[in-house]
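Construct all of the structure, not just a fragment, from the sequences and the given hints.
In terms of our numbering, the sequence shown has 371 at position 293, counting the first letter as 1, and numbering is strictly consecutive.
Think of the hints as simulated: they come from the structure by calculation, not from any bench.
The model shown is predicted, which means the values in this text are computed figures rather than measured ones.
Backbone N, C-alpha and C define an ideal beta-carbon position, used for all residues, glycine too.
Nothing false has been slipped in among the hints.
With beta-carbon atoms standing in for the labels, derived distance ranges:
| hint | residue 1 | residue 2 | range |
| --- | --- | --- | --- |
| 1 | Met177 | Leu325 | 22 to 30 Å |
| 2 | Val200 | Gly256 | 32 to 40 Å |
| 3 | Ala215 | Phe322 | 47 to 55 Å |
| 4 | Ala215 | Val179 | 35 to 43 Å |
| 5 | Ala360 | Trp190 | 29 to 37 Å |
| 6 | Val236 | Ala263 | 21 to 29 Å |
| 7 | Pro329 | Arg197 | 27 to 35 Å |
| 8 | Thr218 | Gln169 | 47 to 55 Å |
| 9 | Arg217 | Val249 | 44 to 52 Å |
| 10 | Met177 | Trp125 | 27 to 35 Å |
| 11 | Leu151 | Leu106 | 39 to 47 Å |
| 12 | Val200 | Met177 | 17 to 25 Å |
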Amino acid sequence: MTTHSPAPAPRTTTAPGTEDPPRGWQRLLPDPTPADLLPQARPMPAWAAYAAFLLIYVLVFGYPLLGIVMGYLAGGTAPLTPAPDADTFWQSALPGWIMHVVLLAITGLSAWLVAWRRRLRVTDLFAPAWVRTATGAERTRSRRQGRRVFALALAGLVVWMVGGWVLAAVVPSAMAGGFAIDTRADAAWTAAMLGPTQITTALVEEVVVVALLVVVLGAARRPAAEVYTVAVVAKLAYHAYYGFPVLAMVPAAVLMVWLYRRTGRAWPIITAHAAYNVGYSALIIAWPPVAAL
Numbered sequence: 079m080t081t082h083s084p085a086p087a088p089r090t091t092t093a094p095g096t097e098d099p100p101r102g103w104q105r106l107l108p109d110p111t112p113a114d115l116l117p118q119a120r121p122m123p124a125w126a127a128y129a130a131f132l133l134i135y136v137l138v139f140g141y142p143l144l145g146i147v148m149g150y151l152a153g154g155t156a157p158l159t160p161a162p163d164a165d166t167f168w169q170s171a172l173p174g175w176i177m178h179v180v181l182l183a184i185t186g187l188s189a190w191l192v193a194w195r196r197r198l199r200v201t202d203l204f205a206p207a208w209v210r211t212a213t214g215a216e217r218t219r220s221r222r223q224g225r226r227v228f229a230l231a232l233a234g235l236v237v238w239m240v241g242g243w244v245l246a247a248v249v250p251s252a253m254a255g256g257f258a259i260d261t262r263a264d265a266a267w268t269a270a271m272l273g274p275t276q277i278t279t280a281l282v283e284e285v286v287v288v289a290l291l292v293v294v295l296g297a298a299r300r301p302a303a304e305v306y307t308v309a310v311v312a313k314l315a316y317h318a319y320y321g322f323p324v325l326a327m328v329p330a331a332v333l334m335v336w337l338y339r340r341t342g343r344a345w346p347i348i349t350a351h352a353a354y355n356v357g358y359s360a361l362i363i364a365w366p367p368v369a370a371l
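The structure is reproduced here in structure tokens:
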């Protein structure tokens, strides 16, 4: 007599937070998005993944990287730029704004091409489908997850800021440059000039060195340690003008990638970066000596 084993129970997919609730300090962490709810990119060879990421990276960050290299070749010094005022505002602001429009266009095109070649939707790069379609209890879990990603990302950036101050006090860097801000008026004009780019910087950086990096290296099935290492190198390279204090950025760079790999959510990370930039500008306006730290 032939016997048949019972059919396996149908597989069900649940949103984050539907399992046993976390306890203790784990409550601070965002619920992980199950792997089968994360976008599944079409596989690609490692050489193609690195070639694609390197091309995008050079197109977006090549100009500042060239400036950093030229600065170090010139002796590793970067003089302070006078803060803009009513007479020099537009001539100081417009070139930066135009450049960021170009960078946004390159980033957007890169995201579209990666999504198209990996058989994803562009929206998949920013949030898993369950987040975009959540209703009722799932929407509550989605919002909780997003808040925690935002809070941890912002905390990581604050740690970077404080750590950078500490390292700069120990090993000052002449390469940092920046604007000469002595008064609140200087700070206000500088913040107004940088205002739009503070938002676009967050969008460009986190899309390229977090979302696109994780997606293409994930499609190449690269190990997690390799993904984190590449992310740290990529992040630190275009911030190298900070000199030795740039090392304070390592924990934040690792954290951003960990949050994205855990949840698949880029928007809270982008928003946290933008909030940090705006908050830092507000701090400088309130207390101009911060700019010299």
